[in-house]
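Undergrad: For reference, the chains in residue letters:
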Amino acid sequence: MADWDEEYNRTFGAGQAAVASGSAPPANPFLERIRDVARDDDDIDIDELMAPAGIQAGLFDRTGSSTQGEPPIQQLIRHWMNERHAPDILPIQEQLLASILDHIRRQSDAVQLIRSDPGASQEEHFRIVLVQTEIERIKFIVRSYLRTRLFKIEKYARYIVSNVDIQTRISASERAYASKQAKILDNHFWVTVLQSLPEAQSHLDDTPIFMPPMVTEPDKSRAVFVHALKQCPPVILPDGSSLEMAKDHISLVPFSAVENLILRDEVELV
Amino acid sequence: MAEARQFGDLATQLVLESRRSTATDTLLKYNDPLVRSIIREQRDLERAADPLVLQSLDAPEGTPPPPGLIIIQTAINRNKRCLLAYHSHRVERFRDMYWAVGGALPHILSNADIRSKLSPHEVDYLRQYHDSVMEYRADLGTNELDIMAGIERPIKDLNVLVKVVKDCGVIQTELGSIDFKKGQRFMVRRADIEHLIVQGYLEEIV
Chain A
1 MADWDEEYNR TFGAGQAAVA SGSAPPANPF LERIRDVARD DDDIDIDELM APAGIQAGLF
61 DRTGSSTQGE PPIQQLIRHW MNERHAPDIL PIQEQLLASI LDHIRRQSDA VQLIRSDPGA
121 SQEEHFRIVL VQTEIERIKF IVRSYLRTRL FKIEKYARYI VSNVDIQTRI SASERAYASK
181 QAKILDNHFW VTVLQSLPEA QSHLDDTPIF MPPMVTEPDK SRAVFVHALK QCPPVILPDG
241 SSLEMAKDHI SLVPFSAVEN LILRDEVELV
Chain B
1 MAEARQFGDL ATQLVLESRR STATDTLLKY NDPLVRSIIR EQRDLERAAD PLVLQSLDAP
61 EGTPPPPGLI IIQTAINRNK RCLLAYHSHR VERFRDMYWA VGGALPHILS NADIRSKLSP
121 HEVDYLRQYH DSVMEYRADL GTNELDIMAG IERPIKDLNV LVKVVKDCGV IQTELGSIDF
181 KKGQRFMVRR ADIEHLIVQG YLEEIV
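Chains A and B supply the protein sequences, listed in that same order. Residue numbering for the first sequence follows UniProt numbering, beginning at 1 and increasing consecutively. Residue numbering for the second sequence follows UniProt numbering, beginning at 1 and increasing consecutively.
If we strip away everything but chain A, and leave its shape as in the complex, we get (with noise of 0.2 Å):
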């Protein structure tokens, strides 16, 4: 996590240099003919991913009392880290990927408009490069997030089939995706184990006692670092006590704790 940081600083570091040096706005084509391609009210467009210094306040400072106004870049960048820490599959952000996808494809074809324009002048070929890298680095999170996502549901492939719950928190595709994993496991059991045991013995689903069950789950109750955005409602912890976290307060706990708290964006975890 570290490395991406820095890898952020120093992306973003470039961008304010080249800002800073550049010509006054009036007489720049570049920023000109950006307005012209491809104006949307989305946040993260040009101009935003060239003015470093916004995106670097609203990332580490926030002074904000909630997520309320965050750019989609640094939610998407929340519910990335939410997934990667939690044992168990949180809900898709479906609007937010595709506001996301949406925006990187009129990116892409606007990078494609002036790199195809031969009057581009040098300046303009040096940002788009930086343009074309945040896009990737940006591809990056989404791929990461979609990926974290995958293989929670191939691990949890059989309880997912089986539980309507956590079926209402994933998209279409990952449901397609996990009963077909779900059945592809299945029949790999069969033909490899199962169909050669004796009849009493062939089936996937019993429930010996003293062992484990044998359908993975999510284990809920595994430790989680939890940031409080705001001031939080207190949470009953497993043994009884109840703790209440304040802005900015830091705390491990378990994720059935804070479960609520994570759906409601009132922390995140870290």
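Keep in mind that the hints are not guaranteed to be accurate.
To be verified - Below 20 Å or equal to it, Euclidean Cα-Cα: the simulated SDA-like pairs (lysine to any residue) are:
1. A/Lys180 - B/Asp139
2. A/Lys155 - B/Ile147
3. A/Lys230 - A/Ser251
FYI, nobody ran anything at the bench for these hints, they're computed from the structure.
Given the coordinates of chain A, work out where chain B should sit on it, guided by the hints.
TA: What follows is chain B alone, placed relative to chain A:
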């Protein structure tokens, strides 16, 4: 069951193999003989249990089941669990392998060393697994995002200097098509050739 050994010894050996595989981070050859002998043991155990089951059915109400039966059933359950654990452990390794090469299934299956360690059923499993991932990828319906690319390190530069380690033919890149021949060096767009680095055709020059 003429050999002087306990029920479950073989299953212990099998689980030890899984452990060894994890400890050394290598894929071991599928131990078909051992799996078969455990399945044989299961049948023997089932046969040994049958008369005891009948006997306990005949016994008057309230009589506890014969202790022998409990021991046999415990052994049966344990063996079965070990068999499933062994296969499940291997399957997990395959998934890791699969994603490590960016989902290039032919790359795994054409590797003679790996291929010799897989059972035919495991090859089937990998194919089905690959289909399942491809379905998911098609569902995502975006050309922008390649779900198969690496997720270990965020990229630092758009372009990368690579050395060709193995011939890989003509590849379409942003700069036009390039014929990668062994020994050559190129400065290329990372996204275009990332999968070739992962599969070991190209090597990044740092």
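Undergrad: Now tell me if each hint is right for this structure.
TA: Results for each hint:
Taking the CA atoms of A/Lys180 and B/Asp139, the gap is near 14 Å; set against the 20 Å cutoff, the hint holds. Between the alpha carbons of A/Lys155 and B/Ile147 the distance comes to roughly 18 Å, so the proposed pair stays at or under 20 Å and holds. A distance of roughly 13 Å separates the Cα atoms of A/Lys230 and A/Ser251; the hinted pair therefore holds under the 20 Å criterion.
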